[in-house]
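Student: One letter stands for each residue in the lines below.
There are 2 protein chains.
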Amino acid sequence: MDTRERLIESTRELLWERGYVGTSPKAIQARSGAGQGSMYHHFHGKPDLALAAISRSAEELRDRAEAAFTSSGTVSERVAAYLRREREALKGCPVGRLTQDPDVMADPDLRAPIEETFAWLTGRLAGLLAEGRTSGELHAGLDPAATATALVAVLQGGYVLARAAGSAEVYAQAVDGALGLLACHARQEPSRPA
Amino acid sequence: MDTRERLIESTRELLWERGYVGTSPKAIQARSGAGQGSMYHHFHGKPDLALAAISRSAEELRDRAEAAFTSSGTVSERVAAYLRREREALKGCPVGRLTQDPDVMADPDLRAPIEETFAWLTGRLAGLLAEGRTSGELHAGLDPAATATALVAVLQGGYVLARAAGSAEVYAQAVDGALGLLACHARQEPSRPA
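Those sequence lines, one after another, are chains R and P.
For the first sequence, the working numbering gives the first residue as 1, with consecutive numbering after it.
For the second sequence, the working numbering gives the first residue as 1, with consecutive numbering after it.
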């Protein structure tokens, strides 16, 4: 990995672990093994480097979601595949956790990729649910946009609850609960938890 | 308000706005108007003061939830009252946002009130859903524990999405989606969104 790449990856890790406020240029240099001169050769400063790191985390989030959304199966199965995709629940979401960082939220450039990512994710999931409604797989009464927002919120809130409890089980339980609720909207007799 | 009280309230505000890592003893003194000597007379230091502040925010969260849970109406109406209770969506949850603070999570004393609060909240909501299932208001197939976890996650994730979008509307939409999903589990013909 070249120095620029090491700087971006180290910043991504530190943002995930410590947040923006808790990530100093010094810590980035220590983690990446890059000197101060090298860091400022590649990036204008912490915001510029953070933007590259956030943009890459956002891109990964989209790619992984898209892989689940375009997997095989019914709409319900693809939504379940997305919700159940393996995640490091106790580490939190590398993108969502940044919404709790006041300095990130106050900077329009840094907030933009976060806003775009969740808008894309919710819209993509709403489109999938609408597809299921059109095909008759899901009830006509299901509101795709509101349901999609609720499902994305379950994931983001699942991280919060898992961290609060110190247990990834809680994240899995939130997902189970959401899929149980969604199952009721399938037009076939819903598969109910045993 | 006496000095001790002003110190606690100022710390609560700062934790809500800036998080634990972003809140310095100096900022607490400036906000509260208390001197350094006075602060250390009342509290041993930032962790001690933060514990008092977090415990009070947790207590308020419980009191408000309990008020909604014991309001009049069916189980579905009381759950809806809780989910729709007015919140400062763009400020985030004063308790939940602390799960993103690595220094809070690393300190068992500071994490304890956060863990207890969400365990209580999820358990209380699960009890309410179980009550609705026993009375026949909700379908027998509804899993109270998983559903309760999903609903609390929707609120916590709703804050994340609202902050990402810079819009409290997104929070309301997540709640609408969750209530739409829950409505399907009511034994009467579910009230579907128009």
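Honestly, the hints are just simulated from the structure, not real lab data.
Among the hints, erroneous ones may be present.
Same chains, same label: a pair holds when it works inside one copy or across any pair of copies.
[Said to hold, decoys possible] Once the Cα atoms are required to be at most 27 Å apart in a straight line, the calculated DSSO-like pairs of lysine-lysine come out as:
(1) K26 <-> K91
(2) K91 <-> K46
(3) K46 <-> K26
Student: All the hints need checking, so say for each whether the structure fits it.
Tutor: So, going through the hints one by one against the coordinates:
| no. | hint | verdict |
| --- | --- | --- |
| 1 | K26 <-> K91 | within (22 Å within a copy, 30 Å between copies) |
| 2 | K91 <-> K46 | both (22 Å within a copy, 25 Å between copies) |
| 3 | K46 <-> K26 | both (10 Å within a copy, 24 Å between copies) |
Every hint from the earlier list agrees with this structure, and none is contradicted.
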